[in-house]
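Asks: The residues making up each chain are set out below.
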Amino acid sequence: MNGWILAAVVVLAAGVGATLWGVVTGPLRRRAAAQNLSTALACPALLLLAQGYARPAYVDLALVLAVLGPVGTLVFARLLADELADDPPHARGPTLTAAALGAAVVLAVSLATGPGRALVKVLVVGALLVGGNLVASRALAGGMQEARRD
Amino acid sequence: MTEALIVTALLLVAGSATAAVAVRDPVRQSLVLAVLGVVLAVLFTVLQAPDVALSQLAVGSALTPLLLLLTVRKVRRRGQRAAGGGGGSDGRRGGGSGP
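Residue numbers (UniProt numbering), protein chains in the order written: chain A, 1 to 150; chain B, 1 to 99.
Pulled out of the complex, with its shape left as it was, chain B reads as follows:
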């Protein structure tokens, strides 16, 4: 039964990690990465490493997606400003989106 558990967790990790590589859009990739963090924490628990699983949960389930989404947001705003603000008259409207 323990082997079945380990195999299940390993298959979930392999599937989500492959999907995180295969998905190209960064926003959707961050969603897959959040699931990958949770599944990795389950794998660490199954392998009797609950301390590693705790830190993986703290980092992987909320922090990594937050950083990715904030980065995507900033890059998009900068791209919009560079494309649309040729005259530069609208100033620094979207400047304060950092954490």
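This is chain A alone, in the form it adopts within the complex:
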């Protein structure tokens, strides 16, 4: 229909499809990192869908996912700490790629939104998305272990 929907299709097929492959195969560390990346990639897709359907109310979905996605990853990091301790998942490259994609999508959507309350909402979603993604990835990579050792 328009470019936003096309971008959402690309993000869903390439990004979320790749994380689905990562969460199905491989060792446990790769699966945990892929689960973290799946929420970090689905949130920009939801933002693109909200813009593509021209319905600003759909941004709420991205907001909820940006809050709850890192929470889910922290649940895994806490409850799988023993299994992940000897081989912690370091996915620096994919995490930074997902964060950059999220920042780019938020920038584009906020440019298309224009000034107003909707812009503030989109920017809050972007800050939660990028910050939560980085914090959750760090917790997976061993931050939880250090916190427990103290």
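These aren't lab readings, by the way, just hints derived from the structure by calculation. Treat each hint with caution, since some may be false.
[To be verified] Restraint-style ranges between C-beta atoms, simulated for each label pair: (1) V52(B) x V124(A): 30 to 36 Å; (2) R76(B) x G142(A): 18 to 24 Å; (3) A83(B) x L6(A): 52 to 58 Å.
Built from N, CA and C at the ideal position, the CB exists for glycine as well.
Dock chain B against chain A, hints included.
Replies: This is chain B only, laid out in the frame that chain A set:
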């Protein structure tokens, strides 16, 4: 373009749901279930049902994996106590892991 979007979301849901059935270890299954919850929420959004997608996100992305992992943890601890604590002298060390 909308059809391509719906087909993509449907394929993702079908793939993750099949994987959630095919994976046998409960811990890895909970990881696949978390991804399935997110992908289902995307499918509901694509089908213009954002209210259903909101509740699916709230339940599927954090709550279901949390319940599954807590259950696995409790079962494992009970199994360890039953296997290792024949004398029963170590008491109820791991009793308070419930939510």
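Asks: Looking only at beta-carbon atoms, does the pair V52(B), V124(A) fall within the given range of 30 to 36 Å?
Replies: Cβ of V52(B) to Cβ of V124(A): about 24 Å, so the range 30 to 36 Å is violated.
Asks: Between A83(B) and L6(A), does the C-beta distance stay in 52 to 58 Å?
Replies: 56 Å Cβ-Cβ, so the 52 to 58 Å window holds.
Asks: Regarding R76(B) and G142(A), is the given constraint of 18 to 24 Å on their beta-carbon distance met?
Replies: holds, 22 Å
In summary, the one numbered hint that this structure violates is 1.
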